Amino acid sequence: MVETQLRFRDDEPAGDPAVTVDSFGEQTNASAVRIEPGDDARVLLPHLDRIRLVEVNFPVFGDGRGYSAARILREAGYAGELRAVGDVLIDQLAFLRRCGFDSFAPEHPLNAADAEAALARYPEVYSPTVDGRPAIWAKRHGLA
Numbered sequence: 001m002v003e004t005q006l007r008f009r010d011d012e013p014a015g016d017p018a019v020t021v022d023s024f025g026e027q028t029n030a031s032a033v034r035i036e037p038g039d040d041a042r043v044l045l046p047h048l049d050r051i052r053l054v055e056v057n058f059p060v061f062g063d064g065r066g067y068s069a070a071r072i073l074r075e076a077g078y079a080g081e082l083r084a085v086g087d088v089l090i091d092q093l094a095f096l097r098r099c100g101f102d103s104f105a106p107e108h109p110l111n112a113a114d115a116e117a118a119l120a121r122y123p124e125v126y127s128p129t130v131d132g133r134p135a136i137w138a139k140r141h142g143l144a
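Mapping of the sequence shown onto the working numbering: residues 1 to 144, in sequence order.
For the record, the hints were derived by calculation from the structure and aren't laboratory data.
Just so it is clear, the structure is predicted and the values come from calculations on it, not from any experiment.
Any given hint could be a false lead.
With beta-carbon atoms standing in for the labels, derived distance ranges [stated by the list, open to error]:
no., residue 1, residue 2, range
1, 45, 5, 25 to 31 Å
2, 141, 109, 28 to 34 Å
3, 64, 119, 14 to 20 Å
4, 140, 23, 18 to 24 Å
5, 79, 109, 37 to 43 Å
6, 3, 48, 22 to 28 Å
7, 22, 79, 31 to 37 Å
8, 141, 43, 27 to 33 Å
9, 132, 23, 29 to 35 Å
10, 37, 142, 29 to 35 Å
11, 128, 3, 29 to 35 Å
12, 127, 27, 19 to 25 Å
Just so you know, even glycine gets a beta-carbon here, dropped at the ideal spot from N, CA and C.
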């Protein structure tokens, strides 16, 4: 199991190791799954009620497929822990949070002050997404 550095949840962390998407379907007692680049997050949609943790691996910072996987899961109603693991950089934190990630286990430890600053950098957002923050245009037109 990957060590989590940042976590924005009040519940207990999942204690089970994450299994691969391929083996998840065969293991009816698995409650944690790890999505690798190339895995289709939609395979998990029928099982969201039994998943406590989804780890999404970012093997290199430039691989953005994990953002899509997170958004697919959150838009489908997944409310469990969604953890970004691997090559997660400070500059990505705010955008990962907007896609629904609520915990982070970076390959290299992040400076806590830098992480806090990165998450506070953009007080307003331009587009709606799964984090529930209203877009600036909606605020401007009294829609939020």
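Right, here's what the structure says about each hint:
| no. | hint | result |
| --- | --- | --- |
| 1 | 45 - 5: 25 to 31 Å | 28 Å, holds |
| 2 | 141 - 109: 28 to 34 Å | 42 Å, violated |
| 3 | 64 - 119: 14 to 20 Å | 19 Å, holds |
| 4 | 140 - 23: 18 to 24 Å | 48 Å, violated |
| 5 | 79 - 109: 37 to 43 Å | 28 Å, violated |
| 6 | 3 - 48: 22 to 28 Å | 25 Å, holds |
| 7 | 22 - 79: 31 to 37 Å | 24 Å, violated |
| 8 | 141 - 43: 27 to 33 Å | 39 Å, violated |
| 9 | 132 - 23: 29 to 35 Å | 33 Å, holds |
| 10 | 37 - 142: 29 to 35 Å | 41 Å, violated |
| 11 | 128 - 3: 29 to 35 Å | 33 Å, holds |
| 12 | 127 - 27: 19 to 25 Å | 37 Å, violated |
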